[in-house]
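Novice: For reference, the chains in residue letters:
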Amino acid sequence: MMTNHGNRLTQGQFSYLPDLTDSQITAQIEFALSKSWAIGVEYTDDPHPRNTYWEMYGNPMFDLKDPAGILKEINACRKTFPNHYVRVTAFDSTQGVESVRMSYIVNRPKNEPGFGLARQEIGGRQIQYTVHSYATDKPEGERY
Amino acid sequence: MIDLVIGYTAIQSMAVWARKNDMILHLHRAGNSTYSRQKNHGMNFRVICKWMRMAGVDHIHAGTVVGKLEGDPMMIRGFYDTLLDTHTPMQLEKGLFFEQDWASMNKVMPVASGGIHAGQMHQLLTYLGDDVVLQFGGGTIGHPMGIQAGATANRVALEAMVLARNEGRDIWNEGPQILKDAAKWCSPLKAAIDTWGDISFNFESTDTADFAVTPTASM
Chain D
1 MMTNHGNRLT QGQFSYLPDL TDSQITAQIE FALSKSWAIG VEYTDDPHPR NTYWEMYGNP
61 MFDLKDPAGI LKEINACRKT FPNHYVRVTA FDSTQGVESV RMSYIVNRPK NEPGFGLARQ
121 EIGGRQIQYT VHSYATDKPE GERY
Chain A
1001 MIDLVIGYTA IQSMAVWARK NDMILHLHRA GNSTYSRQKN HGMNFRVICK WMRMAGVDHI
1061 HAGTVVGKLE GDPMMIRGFY DTLLDTHTPM QLEKGLFFEQ DWASMNKVMP VASGGIHAGQ
1121 MHQLLTYLGD DVVLQFGGGT IGHPMGIQAG ATANRVALEA MVLARNEGRD IWNEGPQILK
1181 DAAKWCSPLK AAIDTWGDIS FNFESTDTAD FAVTPTASM
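Here the protein sequences come in this chain order: D and A. Number 125 in my numbering belongs to position 125 of the first sequence; there are no gaps in the numbering. Number 1123 in my numbering belongs to position 123 of the second sequence; there are no gaps in the numbering.
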């Protein structure tokens, strides 16, 4: 049987690939800027798949058009939160879209414990299943 | 999941029901060919796309160009534009005869399925773009290393291709090499390409443009 070795979190558009290098990240920033999408940096230590709204590292960079400046901002976030998940998002304000068009992880904690299956017994001996992140057993800020 | 054969009134009622019950309405298009294949009766699939968008359907199978659901690339583009754009200008080469402003009408997500596999990823991304649901059924479950490996292979192929496309590489021509490079570190992808890499469905589409773009000399 195949398993997810190292429990790598698979969220966002490039999470099945090896970690992106700075030059690869810059190429993706350039692509987003060429489409006039606004780039934002977000971090979290709660990797649950339904945790959609991560903490924002500053405001989305609506006016910044310089890939090097944006990479600097990403690296500042990675330096501040070396053991959190950090992702880069690109927001498309076009009418009819008005949502995030790109999202990819650029930083991961050193150890990712992964997810367990939680069984909850409810009425009539039925069982409800859900996923549970082992990391969130600890309080915020002490998880990784 | 519903099919076209259920009938148009039922589809509209089901769209209302699906919204009330937190469900996405997936429309499989069985029945389509009975009225869209023949040029001399019935109607084109574009019309179905338009109706289904107005009826409140969320997903619709709209052809793949390269898979077993045949389709002419420009005709498929016409279906996709009808499903996704907020404004469709007249584009005769895509079969769009009239301009249409969709205002804020909900979009329908096109679905590509049927005989597609990881080895075609560069073609799928070029023809179908980003706003599409790619369904690999046999291309996942038929993987020699198991279903999880099949899913991983498809996902790695897609991500590697999107990454390369965004970096400005010519995926149409470099696609097979991009997949080979990714297969070097991803054994499930290598197995998928070894299994299906050469398989393609080559048959002429019956749905062709009624209008040919031919330049006319201006006097």
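Any given hint could turn out to be false.
Computed beta-carbon distance windows for the label pairs [to be verified]:
no.	chain 1	residue 1	chain 2	residue 2	range
1	D	Thr10	A	Ser1200	36 to 46 angstroms
2	D	Gln120	A	Phe1098	27 to 37 angstroms
3	D	Glu30	A	His1087	25 to 35 angstroms
4	A	Asp1181	D	Asn111	25 to 35 angstroms
Taking lysine to aspartate or glutamate pairs in the DMTMM-like style, the calculated list, with each CA pair at most 20 angstroms apart, reads [what the hints assert, rightly or not]:
no.	chain 1	residue 1	chain 2	residue 2
5	A	Lys1107	D	Glu42
6	D	Lys35	A	Glu1167
7	D	Lys110	D	Asp19
8	A	Lys1180	A	Asp1170
9	D	Lys35	A	Asp1130
10	A	Lys1107	A	Asp1003
11	A	Lys1039	A	Asp1072
12	D	Lys79	D	Asp137
13	D	Lys65	A	Asp1170
14	A	Lys1050	A	Asp1003
15	A	Lys1180	D	Asp19
16	A	Lys1190	A	Glu1204
17	A	Lys1184	D	Glu55
18	D	Lys110	D	Asp46
19	D	Lys35	A	Asp1003
20	D	Lys79	D	Glu121
21	D	Lys72	D	Glu112
22	D	Lys35	A	Asp1170
23	A	Lys1184	A	Glu1174
24	A	Lys1107	D	Glu30
25	D	Lys65	D	Asp19
26	D	Lys35	A	Asp1072
27	D	Lys35	A	Asp1194
28	A	Lys1050	A	Asp1131
29	D	Lys72	D	Glu98
30	D	Lys79	D	Asp46
I should point out that these hints are in silico values taken from the structure, not numbers from a laboratory. Quick reminder that beta carbons are idealized off the backbone N, C-alpha and C, glycines included.
Novice: Evaluate each hint against the coordinates.
Specialist: These are the hints, each one checked on the structure:
Checked against the hint of 36 to 46 angstroms, the C-beta distance between D/Thr10 and A/Ser1200 comes to roughly 29 angstroms, which is inconsistent with it. For the hinted restraint 27 to 37 angstroms between D/Gln120 and A/Phe1098, the CB-CB distance of approximately 55 angstroms leaves it violated. Range check, D/Glu30 to A/His1087: Cβ separation about 28 angstroms, and the 25 to 35 angstroms hint holds. At about 29 angstroms, the beta-carbon gap between A/Asp1181 and D/Asn111 stays in the expected band of 25 to 35 angstroms.
About 28 angstroms separates the Cα atoms of A/Lys1107 and D/Glu42, which puts this hinted pair outside 20 angstroms; it is violated. With a C-alpha separation of about 13 angstroms, the suggested pair D/Lys35 and A/Glu1167 falls inside the 20 angstroms cut-off, and the hint holds. For the given pair, D/Lys110 sits about 12 angstroms from D/Asp19 by alpha-carbon distance, which is consistent with the 20 angstroms threshold. As the CA atoms of A/Lys1180 and A/Asp1170 are separated by approximately 15 angstroms, the hinted pair is consistent with the 20 angstroms bound.
Between D/Lys35 and A/Asp1130 the alpha-carbon distance is near 14 angstroms, which keeps this suggested pair within the 20 angstroms criterion. With a C-alpha separation of about 19 angstroms, the suggested pair A/Lys1107 and A/Asp1003 falls inside the 20 angstroms cut-off, and the hint holds. With a C-alpha separation of about 15 angstroms, the suggested pair A/Lys1039 and A/Asp1072 falls inside the 20 angstroms cut-off, and the hint holds. For the proposed pair D/Lys79 and D/Asp137, the alpha carbon gap of about 25 angstroms is over 20 angstroms, so the pair is violated.
Restraint check: the Cα-Cα separation between D/Lys65 and A/Asp1170 comes to about 25 angstroms, which exceeds 20 angstroms; the hinted pair is violated. Our distance criterion of 20 angstroms between C-alpha atoms is met by A/Lys1050 and A/Asp1003, whose separation comes to about 16 angstroms. Annotation: proposed proximity of A/Lys1180 to D/Asp19 holds, straight-line Cα distance about 19 angstroms (limit 20 angstroms). Only pairs whose Cα atoms come within 20 angstroms are accepted, and A/Lys1190 paired with A/Glu1204 is rejected, the gap being roughly 30 angstroms.
For the proposed pair A/Lys1184 and D/Glu55, the alpha carbon gap of about 36 angstroms is over 20 angstroms, so the pair is violated. With a C-alpha separation of about 15 angstroms, the suggested pairing of D/Lys110 with D/Asp46 holds against the 20 angstroms cut-off. Only pairs whose Cα atoms come within 20 angstroms are accepted, and D/Lys35 paired with A/Asp1003 is rejected, the gap being roughly 37 angstroms. At most 20 angstroms may separate the alpha-carbon atoms for a hinted pair to count; D/Lys79 and D/Glu121 exceed this at roughly 43 angstroms.
Annotation: proposed proximity of D/Lys72 to D/Glu112 is violated, straight-line Cα distance about 26 angstroms (limit 20 angstroms). Using a Cα cut-off of 20 angstroms, the hinted pair D/Lys35 and A/Asp1170 holds, with the two alpha carbons roughly 18 angstroms apart. Among the hinted pairs, A/Lys1184 with A/Glu1174 is consistent with the structure: their alpha-carbon atoms are about 16 angstroms apart, no more than 20 angstroms. Between the alpha carbons of A/Lys1107 and D/Glu30 the distance comes to roughly 28 angstroms, so the proposed pair goes past 20 angstroms and is violated.
With a CA separation close to 24 angstroms, the supplied pair D/Lys65 and D/Asp19 exceeds the 20 angstroms bound. A threshold of 20 angstroms between alpha carbons decides the hint, and for D/Lys35 with A/Asp1072 the separation of about 28 angstroms lies outside it, so the pair is violated. Straight-line distance between C-alpha atoms of D/Lys35 and A/Asp1194 comes to about 36 angstroms, which puts the hinted pair past the 20 angstroms bound. About 17 angstroms separates the Cα atoms of A/Lys1050 and A/Asp1131, which keeps this hinted pair within 20 angstroms; it holds.
Of the supplied pair hints, the one linking D/Lys72 and D/Glu98 is violated, its CA atoms being roughly 26 angstroms apart against a limit of 20 angstroms. Between the alpha carbons of D/Lys79 and D/Asp46 the distance comes to roughly 18 angstroms, so the proposed pair stays at or under 20 angstroms and holds.
In summary, the structure is inconsistent with hints 1, 2, 5, 12, 13, 16, 17, 19, 20, 21, 24, 25, 26, 27, 29 from the numbered list given earlier, while agreeing with the others.
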